[in-house]
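Visitor: One line per chain: the protein sequences are A and B, in this order. Under this note's numbering, think of the first position of the first sequence as 1, with each following residue one higher. Under this note's numbering, think of the first position of the second sequence as 1001, with each following residue one higher.
Treat the hints with care, since some could be wrong.
Claimed, not checked - Think about it this way: if two alpha-carbon atoms lie no more than 30 Å apart in a straight line, the pair counts; the simulated DSS-like pairs of lysine-lysine are:
# : chain 1 : residue 1 : chain 2 : residue 2
1 : A       : K89       : A       : K20
2 : A       : K182      : B       : K1019
3 : B       : K1089     : A       : K182
Said to hold, decoys possible - Listing some non-contacts, in silico: residues in chain A with all C-beta distances to chain B over 12 Å:
# : residue
4 : G112
5 : L113
6 : V139
7 : A142
To be verified - Which stretches of chain B does chain A cover? Using the computed rule of at least three CB atoms under 8 Å from a CB of chain A, they are:
#  : stretch
8  : 1034-1047
9  : 1163-1173
10 : 1181-1189
These are computed hints drawn from the structure, not numbers from a lab. Every residue gets a Cβ at the ideal spot worked out from N, C-alpha and C, and that includes glycine.
There are 2 protein chains.
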Amino acid sequence: MTRAEEIERHQPVRGPRVKKGLVIVNTGDGKGKTTAAMGVLFRAWGRDMRVVMLQFIKHTTARFGEQRAAKKIGVDILAYGDGFTWRSKDMDRTQEMARIQWNVAKEKIASGLYDVVILDEFTYPMHYGWIPVAEVLEVLKARNPDLHVIITGRSAPPELVEYADLVTEMRAIKHPYQEGIKAQPGIEF
Amino acid sequence: MTRAEEIERHQPVRGPRVKKGLVIVNTGDGKGKTTAAMGVLFRAWGRDMRVVMLQFIKHTTARFGEQRAAKKIGVDILAYGDGFTWRSKDMDRTQEMARIQWNVAKEKIASGLYDVVILDEFTYPMHYGWIPVAEVLEVLKARNPDLHVIITGRSAPPELVEYADLVTEMRAIKHPYQEGIKAQPGIEF
């Protein structure tokens, strides 16, 4: 028996056990939201599942460790954003890019070409009201029931948390920036 | 400027910024501890860093998605354990296996062959007193200062948290087992 089977076996269960695509939300202020989604991408690829990651907000030209790694294994990570921060000047452009990326996401979700679709940093466009949560929920509800969708980012909207199957909050207990240590390539990006 | 650079730039900083190997702890009762470590493995590999993962507790024969994926990219994930749970009968054996695996870990850490060493589920042997936390801290302090070490598992010992650079608690907000949904291959293992 594998550990996962063992865990499963010992879980308190209400109702029948079903296999289904999960909606997974990684939220909170701590590290590990995108990183854990990347771990799922890698793990699912290990089982020959079809995975795509769409990154919101992050720079279209980002070449972090994850983009490099995904390229090496032939999984698509599609970034479309302008690196929005609270210092952004052209908010119309930032919002427009998020909406365009959401249109791409909808196509990917409806395409039937994937087992796992990851929407990285997608909570922000919802949180800031650029994309209506109600519309996102409609798309999630209409998806192929076997499709897993993973959404990451801080400030996950309550309606999304309510609908999701698995929600984890990453909470920062201790962070090296506080000690003046740089973000380390390969580890944090 | 990349997002990570941007984040870095805007962090409040005390003292000089240094590049150094981090001790990272992913703890808490929620999902994503091992998964995020796997994401770092993948990301670091994307930057051609040398990575190894040692899994404690988990069955030596485990063939989860992560093992399959790591094998495909030529990264070693070495599991040595008997799948310990609170139902385990032979606790001497379980403890002995953890100590043997810790000896392997010490060799890997001292070898100079890696940029990142991941000790998965390693909090348990410390938490249960099979391996003294003081000894672990000694090994961590004596390591090459550029080496990153990632430790995952629930109940991280306070002394380890105190010493670590980056500590994240994964907190379960919602879990599908509660709804009777099975652990999904490729997603959770």
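Visitor: State for each hint whether it applies.
Guide: Checked hints:
Between A/K89 and A/K20, the direct Cα distance comes to roughly 42 Å. Violation of the 30 Å bound is thereby established for this hinted pair. Of the pairs offered as hints, the one joining A/K182 and B/K1019 holds, with about 6 Å between alpha carbons and a cut-off of 30 Å not exceeded. For the hint pairing B/K1089 with A/K182, the CA-to-CA distance comes to about 46 Å; that exceeds 30 Å, so the pair is violated. Every CB of chain B lies more than 12 Å from the CB of A/G112, the least distance being 17 Å, so the non-interface label holds.
Its beta-carbon lying about 16 Å from the closest one in chain B, A/L113 satisfies the requirement of being farther than 12 Å from that chain. Listed as outside the interface, A/V139 is consistent with that label: its C-beta sits roughly 19 Å from the nearest C-beta of chain B, beyond the 12 Å cut-off. In this structure A/A142 is separated from chain B by more than 12 Å, as the shortest Cβ-Cβ distance comes to about 19 Å. Only when three residues or more bring their CB closer than 8 Å to a CB of chain A does the claim for the stretch 1034-1047 of chain B stand; here the count is 14, and the claim holds.
Remark: the stretch 1163-1173 of chain B is confirmed as covered by chain A, as 10 of its residues place a Cβ nearer than 8 Å to a Cβ of that chain, reaching the required three. Taking a C-beta to C-beta cut-off of 8 Å, the stretch 1181-1189 of chain B contributes 9 residues in contact with chain A, enough for the three needed, and the coverage statement holds.
In terms of the numbered hints stated before, the structure departs from hints 1 and 3, listed from lowest to highest.
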